[in-house]
Amino acid sequence: MIQDARVLQDEFIPREVEHRDHEMNALSRALAPVTANEPAETAFLFGPSGAGKTCLARYALARLREAVIDLNYQYVNCWQDYTRFRALYRILEGIGSTADIHRQSTPTDALLERLATYDGPEFVVILDEVDQLHDDDLLYDLYRTVGISMILIANREEELFARLDNRLVSRLHAATRIRFEKYELNELVSILEDRVRWGLDEDVLSRKQLEWIADAAAGDARVAIGILRSAAREAEQDDVETIPDETVEAAIPRGRQEVKDKNIDQLTPHQKVLYEIIRENDGVAPNLLYAEYNERVAEPRAERTVRNHLTKLAHYNLIEKHGKGRGRTYSLV
DNA sequence: GTTCCACCGGAAACGGGGGACC
DNA sequence: GGTCCCCCGTTTCCGGTGGAAC
1 MIQDARVLQD EFIPREVEHR DHEMNALSRA LAPVTANEPA ETAFLFGPSG AGKTCLARYA
61 LARLREAVID LNYQYVNCWQ DYTRFRALYR ILEGIGSTAD IHRQSTPTDA LLERLATYDG
121 PEFVVILDEV DQLHDDDLLY DLYRTVGISM ILIANREEEL FARLDNRLVS RLHAATRIRF
181 EKYELNELVS ILEDRVRWGL DEDVLSRKQL EWIADAAAGD ARVAIGILRS AAREAEQDDV
241 ETIPDETVEA AIPRGRQEVK DKNIDQLTPH QKVLYEIIRE NDGVAPNLLY AEYNERVAEP
301 RAERTVRNHL TKLAHYNLIE KHGKGRGRTY SLV
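Each residue of the first sequence is one higher than the one before, counting from 1 in this note's numbering.
None of these hints come from the bench; they were simulated from the model.
Be careful, since some hints might not be right.
[Claimed, not checked] Label pairs and their computed distance ranges (CB to CB):
#1 H134 with K321: 15 to 25 Å
#2 A285 with R171: 36 to 46 Å
#3 H173 with R207: 35 to 45 Å
#4 E184 with R103: 40 to 50 Å
Computed from a predicted model, the values in this text were never measured in an experiment.
For each residue, glycine too, the CB sits at the ideal point set by N, CA and C.
Please take these sequences and the hints and turn them into a complete structure.
Spelled out as structure tokens, the structure:
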């Protein structure tokens with residue numbers, strides 16, 4: 001059944017990217033100066049999750065590396081590396097320059113200094129989920145650093161610009177901005193067809209079944225591939241030659257849940273308790289939520305910290321905040 | 001329409017933990 | 001071993017907001 005499981009993984013970079021020609025051309029134009037050993041234009045990729053932003057950025061750099069012998073690049077997920085220090089540390093990893101840096105004693109300025117003295121080949125940094133950076137100074141730092149080009153990725157353009165200060169906004173307005181839309185049904189189907197062709201036995205799924213999966217994924221490629229992965233895994237265990245409808249049907253909620261579970265796994269114990277309370281009490285009000293949290297946890301954190309945790313849960317797309325002020329409630333997505 | 005106040009989130013301070021240096 | 005410095009999760013403080021109550 002499964003010939004190459006890698007193509008069903010989220011991190012997989014395909015040999016060709018479909019339905020993103022316009023976006024790919026725009027990104028390639030922005031990166032083109034690198035081929036002449038010049039810094040690329042800053043590129044800004046916006047759009048909903050599962051629209052192929054990260055995939056396209058990685059793909060474009062992979063293509064670029066085929067054309068340019070000397071090129072360094074580094075991928076930074078600002079959701080995980082959200083402080084200035086951590087993001088800089090990750091960036092320096094891209095040029096193998098972190099051996100003597102200690103996470104709890106080296107000053108951030110020392111990392112900046114090291115980056116400033118970098119004189120290797122052109123260096124492209126992908127900052128994914130850039131709106132999650134706690135300190136926007138990092139973007140200034142990188143703008144000022146010679147020899148570093150940036151690809152910035154975020155979900156919502158307006159939200160990001162709203163919190164940046166004017167100097168940065170004017171610079172970013174000059175950047176190449178590339179907007180991604182959700183995939184259309186037929187686009188998702190053809191993405192799935194490719195994955196089946198590259199990774200599974202021939203004809204294990206009918207066109208109709210792929211349409212079904214694509215429809216359930218609602219424009220999100222990550223969810224679509226998650227469902228496909230779940231169905232293929234199940235069918236492999238059952239040792240069948242084609243995937244029956246029942247397996248596809250069962251894989252739809254499971255595939256969605258897998259995407260969710262990946263996020264839940266990254267939560268801290270306190271965040272997991274909050275998620276659990278909201279799961280059990282849909283539409284819970286803040287005061288009740290805090291009270292219940294205090295009940296369940298041995299050493300509860302302050303309310304302000306809890307609010308930070310809730311913001312995090314909302315950003316992971318695990319919970320939703322409804323209403324404002326006294327009308328605020330929390331529920332699962 | 002006005003007042004009240006629960007709630008939010010920014011900013012700054014605090015303190016734990018860990019490495020460097022003497 | 002003592003002291004200093006640094007990062008970072010957490011806490012404290014507080015002004016702004018908007019729905020509820022009057």
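These are the hints, each one checked on the structure:
no. : hint                       : verdict
1   : H134 with K321: 15 to 25 Å : holds (20 Å)
2   : A285 with R171: 36 to 46 Å : holds (42 Å)
3   : H173 with R207: 35 to 45 Å : holds (44 Å)
4   : E184 with R103: 40 to 50 Å : holds (44 Å)
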